[in-house]
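2 protein chains.
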Amino acid sequence: MTKFEVIDKPSHLMAYEAAYNSIEDSGLSINDIDAIVLGNMDVDTNGERQRHIPTILSSLFKKNIPIIRTPAACSSGGSALWVAGKIVENDESITNIMALGVEKLSPCSTFIVADELMMAADQQFEQPEGLIFPAQNALIAQQHFLRYGSNLDDLALIAFKNHENAFLNPKAMFYGKKISLEKIKSSSIVASPLRVFDCSITVNGGAACIISKDKSDVKISGSGLSVDYMATFEREDMVTWTATKKAAEDAYKQAGLQPKDIDLVEIHDAFTIVELISYEDLGFVEKGHGQDLIREGTVKLDGKLPVNTSGGLKAKGHPISPTGIAQVIEITEQLRGECKERQVSNARIGLAQNIGGAGGTAIVSILKKS
Amino acid sequence: MTKFEVIDKPSHLMAYEAAYNSIEDSGLSINDIDAIVLGNMDVDTNGERQRHIPTILSSLFKKNIPIIRTPAACSSGGSALWVAGKIVENDESITNIMALGVEKLSPCSTFIVADELMMAADQQFEQPEGLIFPAQNALIAQQHFLRYGSNLDDLALIAFKNHENAFLNPKAMFYGKKISLEKIKSSSIVASPLRVFDCSITVNGGAACIISKDKSDVKISGSGLSVDYMATFEREDMVTWTATKKAAEDAYKQAGLQPKDIDLVEIHDAFTIVELISYEDLGFVEKGHGQDLIREGTVKLDGKLPVNTSGGLKAKGHPISPTGIAQVIEITEQLRGECKERQVSNARIGLAQNIGGAGGTAIVSILKKS
Chain F
5 MTKFEVIDKP SHLMAYEAAY NSIEDSGLSI NDIDAIVLGN MDVDTNGERQ
55 RHIPTILSSL FKKNIPIIRT PAACSSGGSA LWVAGKIVEN DESITNIMAL
105 GVEKLSPCST FIVADELMMA ADQQFEQPEG LIFPAQNALI AQQHFLRYGS
155 NLDDLALIAF KNHENAFLNP KAMFYGKKIS LEKIKSSSIV ASPLRVFDCS
205 ITVNGGAACI ISKDKSDVKI SGSGLSVDYM ATFEREDMVT WTATKKAAED
255 AYKQAGLQPK DIDLVEIHDA FTIVELISYE DLGFVEKGHG QDLIREGTVK
305 LDGKLPVNTS GGLKAKGHPI SPTGIAQVIE ITEQLRGECK ERQVSNARIG
355 LAQNIGGAGG TAIVSILKKS
Chain W
5 MTKFEVIDKP SHLMAYEAAY NSIEDSGLSI NDIDAIVLGN MDVDTNGERQ
55 RHIPTILSSL FKKNIPIIRT PAACSSGGSA LWVAGKIVEN DESITNIMAL
105 GVEKLSPCST FIVADELMMA ADQQFEQPEG LIFPAQNALI AQQHFLRYGS
155 NLDDLALIAF KNHENAFLNP KAMFYGKKIS LEKIKSSSIV ASPLRVFDCS
205 ITVNGGAACI ISKDKSDVKI SGSGLSVDYM ATFEREDMVT WTATKKAAED
255 AYKQAGLQPK DIDLVEIHDA FTIVELISYE DLGFVEKGHG QDLIREGTVK
305 LDGKLPVNTS GGLKAKGHPI SPTGIAQVIE ITEQLRGECK ERQVSNARIG
355 LAQNIGGAGG TAIVSILKKS
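Listed in order, the protein sequences are those of chains F and W. Here our numbering runs 4 ahead of the position in the first sequence, where the first position is 1. Here our numbering runs 4 ahead of the position in the second sequence, where the first position is 1.
If we strip away everything but chain F, and leave its shape as in the complex, we get:
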């Protein structure tokens, strides 16, 4: 992957850098890559005017191989990974497939980015009400607080944990930058109760991984993708995201594993409340008890179930499409023991959860050390 940062670099150069990092890591050459699945949301914020990016990749990488694109809002990368897995498993002519995510969101006004991203929410009711994603997630946080006794301090602890992890991750936007709990707690309110530091940070970047039929040191042993109703008000329960539950159920089943078997997790913490309810939806704790895991330190780097050792979307950064692939890179590097100061000891099984919209699409992947 590239470093996640606010940098004015064309999409195709970030794609190039990420792709060649993955090729170098794999020990393969570009000629060994038989197909590419691209996660890219194709937002109009960046002036690139490009709606047919697979052909750009053909020019950059390799001519005439299959290259397809799988946008799914913030889960475009996870979708690419899921589709790539299906294709390589099945297609005799494909030995190595690349899942690639790239997005350029800036430089442009945050107003434009917010407006573009809002198009991933319901057009008929949510958009006209101004229910941008911070507002949407604020309502969910309020519900969880009210029903289950979680609170703003819990969310601040999640933000603090992820910033502590990002401090140790050279690829993270907030690498080497200390953010104190006081700073988090005193930051401005964006949509009550959520503060600035409850929201992930918009960055640019690219991330790629190669899924191979050949033997590898890390295996995807389960991968589920599920789609839910778009609008939050349509759901049976505002604070339960059934797309996550169903995707996780499928992934656990394929892998023959249970939540208790997981050693570390990357969660789609677009907002701190999403990390909290995902502890529950992924089966690590009963519904309504997510806050226990952060209060007791279970999900800290040295806890029993470290979550977002990379820094998460919160502090590593959230460039939309690369996010789902960067999660899998973190898990892979952890399972290989390459994470230095933020290394989790004895990690053998990791889980990554990528979400599009406010729970609209979810992908859960389980990775296992061979």
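Just so you know, not all the hints are guaranteed correct.
Where chains are identical, the list cannot tell them apart; a pair therefore holds if satisfied intra-copy or between any two copies.
No farther apart than 20 Å at their CA atoms in a straight line, the calculated lysine to any residue pairs in the SDA-like style are these [what the hints assert, rightly or not]:
no., residue 1, residue 2
1, 257, 306
2, 373, 267
3, 223, 168
4, 223, 99
Keep in mind that the hints were calculated from the coordinates and are not lab data.
Please arrange chain W on chain F, whose structure you already have, making use of the hints.
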């Protein structure tokens, strides 16, 4: 599929109509559908402000199944079909998968549509030069004329043939509307040498098909997808689209068939010149001899190799994403003998070719009667 027409209907209603037509045709119920792959280009022309359509389909159809989206400019539908085929072949939990294409391009100014679609062309050189798709294809036509002696009359004959076929197709934009050869030849020039009637017609619509593991009367026996360099000037040969050649090669190989085995064809005639060069790229005739097939009547409805019996993009209409799926619907209905006045006799094997951009992405599918 829906009728292809210029009608102001929301995307999701066209998707609904197409999907339920396919479900009704298959004898299945919505509960039998295990996953959906959506072709949709998500253009900003229509005011729908919706970039996460899979979640809308979840609300419309079935909750929590995998739904992904595969935009690829004008080949979004063909890409959906190709991906759906890969998934259903491989995934044990998926018996029936739907490939669905939907697009709403109008009502809006043709200027906006042209600008949106141009984003599927190269941004660095082609877009600033005003090389919209009619201009791009005009250059290709000029080259073919110059090198191989084809001419405007050949293109007019292709347009005339497709309008004659559309006259008989109730789902076509030009159903029941006679267009004379004189009218075609005297129509205004859009980009020399191409006239209005050399260009396909922009419509709205939806199309869906279901690929099943269970026995069916029509089988996809080969399916290839290939991506080429984006910009025409990057190609070795302007009048040869290698993405088509490579996709066709893969499809023929998988099916164990050759061009001479094909009984009927749907070609991506976004412009009449594309149909002509595709006769060559698909292997039905040597490079430089495409014009022979239309001059000799080989590709007419009563010819040896009928092409675009549906009316093609030219006269059935080209709603972008549904196009690649509508082609497969036509082939299927022909193989089943359901096409009444435009029925091809003794059709057992059909081929569909869907293109994105000016040859950037190509999908070739071969269908066979069981």
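Broken hints, by number: Hints 1 and 3 contradicted; others consistent.
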